[in-house]
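Quick note on numbering: our numbering labels position 34 of the sequence shown as 106, and the sequence is numbered without any gaps.
A few of these clues could be false.
Unchecked claim - Distance windows between CB atoms, simulated:
(1) 85 / 162: 29 to 35 Å
(2) 208 / 135: 30 to 36 Å
(3) 190 / 165: 32 to 38 Å
(4) 193 / 86: 24 to 30 Å
(5) 128 / 74: 33 to 39 Å
(6) 210 / 95: 32 to 38 Å
(7) 142 / 74: 43 to 49 Å
(8) 119 / 172: 17 to 23 Å
(9) 195 / 119: 30 to 36 Å
(10) 210 / 142: 23 to 29 Å
(11) 87 / 114: 18 to 24 Å
(12) 207 / 120: 22 to 28 Å
(13) 210 / 114: 18 to 24 Å
Stated by the list, open to error - Pairs of lysine-lysine residues, derived as DSS-like cross-links and limited to a Cα-Cα distance of at most 27 Å, are as follows:
(14) 76 / 120
(15) 147 / 86
(16) 86 / 169
(17) 120 / 86
(18) 120 / 169
(19) 147 / 169
(20) 86 / 76
Derived by calculation from the structure, the hints in this document are not laboratory data. Glycine residues also receive a C-beta, built at the ideal position from the N, C-alpha and C atoms.
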Amino acid sequence: MLEKNFIAVFDKFKFRFFRRVFDLVRERDGSLSAMEAFSLEMIEMLDKPTVGQFAEFLNISQSNATYKVNSLIRKGYLVRENSDIDRREYHLVLSEKFYNYMSLLTTYEHTVIQRILERFPEEDLAVFSRMLGVISEELMPECDPSNKNR
Numbered sequence: 073m074l075e076k077n078f079i080a081v082f083d084k085f086k087f088r089f090f091r092r093v094f095d096l097v098r099e100r101d102g103s104l105s106a107m108e109a110f111s112l113e114m115i116e117m118l119d120k121p122t123v124g125q126f127a128e129f130l131n132i133s134q135s136n137a138t139y140k141v142n143s144l145i146r147k148g149y150l151v152r153e154n155s156d157i158d159r160r161e162y163h164l165v166l167s168e169k170f171y172n173y174m175s176l177l178t179t180y181e182h183t184v185i186q187r188i189l190e191r192f193p194e195e196d197l198a199v200f201s202r203m204l205g206v207i208s209e210e211l212m213p214e215c216d217p218s219n220k221n222r
């Protein structure tokens, strides 16, 4: 029962997310492709990666990553920021345009959280929050971007 319920909730979030991504991805000048939208998601999760870190995480070539990054920069979703440590290196930083796009995708998550807060008592919310923390921090190590053994 736990597995079935977990998968049902996860699938509903994916369903909603993918629907919104494809609503936003249109064939017009400057729009994002689905692959570009997912690339931006990965860059956000990696928190200002270098192109090399982005390429390594996705297990793609540096040249392929550079091509994707340059396209996202041209479209205004991404900017390069020089490293404070090594000025020859730069990090990928998401632009205001990206955050405007993302706000359209995350509103449903906020809606569900609000419904959870309204539906369940505080003691249940505390247990649920702790469980989610353990799941994220301890039970999903292969999903941590800093984990080299994904």
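Verification of the supplied hints:
At about 33 Å, the beta-carbon gap between residue 85 and residue 162 stays in the expected band of 29 to 35 Å. For the hinted restraint 30 to 36 Å between residue 208 and residue 135, the CB-CB distance of approximately 33 Å keeps it satisfied. Hint check: residue 190 to residue 165, Cβ distance near 36 Å, so the stated range 32 to 38 Å holds. Between residue 193 and residue 86, the C-beta spacing of about 28 Å keeps the proposed range 24 to 30 Å intact.
Residue 128 and residue 74 have their C-beta atoms about 34 Å apart, which keeps the hinted 33 to 39 Å range intact. Checked against the hint of 32 to 38 Å, the pair residue 210 and residue 95 passes, with Cβ atoms roughly 35 Å apart. Separation of residue 142 from residue 74 is about 45 Å and conforms to the stated range, judged on CB atoms against 43 to 49 Å. With their beta carbons about 19 Å apart, residue 119 and residue 172 fall inside the hinted range of 17 to 23 Å.
For residue 195 paired with residue 119, a C-beta distance near 33 Å keeps the hint of 30 to 36 Å intact. Range check, residue 210 to residue 142: Cβ separation about 38 Å, and the 23 to 29 Å hint is violated. Taken as a hint, the range 18 to 24 Å holds for the pair residue 87 and residue 114, whose Cβ atoms sit roughly 20 Å apart. In this structure the hint that residue 207 and residue 120 lie 22 to 28 Å apart at CB holds, the actual value being about 25 Å.
Between residue 210 and residue 114 the beta carbon distance is about 22 Å. The supplied range of 18 to 24 Å therefore holds. Restraint check: the Cα-Cα separation between residue 76 and residue 120 comes to about 36 Å, which exceeds 27 Å; the hinted pair is violated. Our distance criterion of 27 Å between C-alpha atoms is met by residue 147 and residue 86, whose separation comes to about 25 Å. For the suggested pair residue 86 and residue 169, the alpha carbons sit about 23 Å apart, so the restraint of at most 27 Å is met.
Pair hint residue 120 plus residue 86 holds up; C-alpha atoms about 24 Å apart against a cutoff of 27 Å. At most 27 Å may separate the alpha-carbon atoms for a hinted pair to count; residue 120 and residue 169 meet this at roughly 16 Å. For the proposed pair residue 147 and residue 169, the alpha carbon gap of about 9 Å is at most 27 Å, so the pair holds. For the suggested pair residue 86 and residue 76, the alpha carbons sit about 15 Å apart, so the restraint of at most 27 Å is met.
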